[in-house]
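Line by line, the protein sequences are chains C and E. So for the first sequence, this note's numbering puts the first residue at 1; every next one is plus one. So for the second sequence, this note's numbering puts the first residue at 1; every next one is plus one.
By construction, these hints were calculated from the structure, which means they are not laboratory data. Here the structure is a predicted model, which means the values were calculated and not measured. What you were told as hints is all true, and nothing was included just to trick you.
Since copy identity is lost for identical chains, a pair holds within one copy or between any two.
As a list, the in silico DSS-like pairs of lysine-lysine whose alpha-carbon atoms are at most 27 Å apart:
#	residue 1	residue 2
1	K141	K50
2	K139	K50
3	K52	K125
So you can see what is in the structure, the chains are spelled out below.
Protein chains: 2
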Amino acid sequence: MVKNVTTILASGVFDLLHYGHIKFLEEAKKHGGPGAKLVVIVARDETVMKLKGKPPIIPEDQRRALVEALEVVDEALLGFEELDLEAVIERIKPDVIAVGHDQNDIEVWTRDIVAEKGLELRVVKIGRFGKEDLNSSSKIKGKIISDWR
Amino acid sequence: MVKNVTTILASGVFDLLHYGHIKFLEEAKKHGGPGAKLVVIVARDETVMKLKGKPPIIPEDQRRALVEALEVVDEALLGFEELDLEAVIERIKPDVIAVGHDQNDIEVWTRDIVAEKGLELRVVKIGRFGKEDLNSSSKIKGKIISDWR
Chain C
1 MVKNVTTILA SGVFDLLHYG HIKFLEEAKK HGGPGAKLVV IVARDETVMK
51 LKGKPPIIPE DQRRALVEAL EVVDEALLGF EELDLEAVIE RIKPDVIAVG
101 HDQNDIEVWT RDIVAEKGLE LRVVKIGRFG KEDLNSSSKI KGKIISDWR
Chain E
1 MVKNVTTILA SGVFDLLHYG HIKFLEEAKK HGGPGAKLVV IVARDETVMK
51 LKGKPPIIPE DQRRALVEAL EVVDEALLGF EELDLEAVIE RIKPDVIAVG
101 HDQNDIEVWT RDIVAEKGLE LRVVKIGRFG KEDLNSSSKI KGKIISDWR
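Given only the sequences and the hints, what does the whole structure look like? Please build it.
Now the structure itself:
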């Protein structure tokens, strides 16, 4: 069977959605060429809690709904409770996995699985966009706090 | 000339984009029926500064780009420097103007202009969505600050 649609997989927390997120997702989708499908895995609150030691500001259901409301996104799914990357790849069957400039752990982890399983998929790293202010959730939080003080 | 497409106009600051914004815009667009076009006016930093005494967290260009990246939105424009509602109506020529539950000033202002000029357009008020947490930018800011303290 010939597969006609290229599927791109991207993932992230997407707490306090900002313009850097949009650019990341748009750039990721370009790697699939015309008609590509972009599936986004939105990290669960519990996963963020484990990785960063504190939960995101916005709950998982709202983060997922907001990402799915973006024109560039075809489908947004919550991650598996245990952030099982192999299970995600098996389910989505992506042709391309896009990782962000600050997703080094996910990049290494993905490349390991791809090599180990001999999967036919490309891993692409998306650059950071501009040096603008407020292109990260933590900078946005910082500004809110400094305004308040 | 028969006008085929119904144009809905909505407006707001859209600082810290959240799920309540998406619901507002989706609900607004429904008032135009199938094939409606949704145009959103995003308030300029200077306008927010004048109305609220402080600027938004996210600069106007990024707020506009984020709103335009939403699937439900056909076009997002920055407001006029002086928030000239008449000029906006003249330019967009909306069939429907949607106002949010917390946009009473804009509602009154719009209804006045419509009555005064005898314009053929409907003004619809969109309800608040749910009693969920974090469906407003100020609640999100509050949570960020209380987490930090």
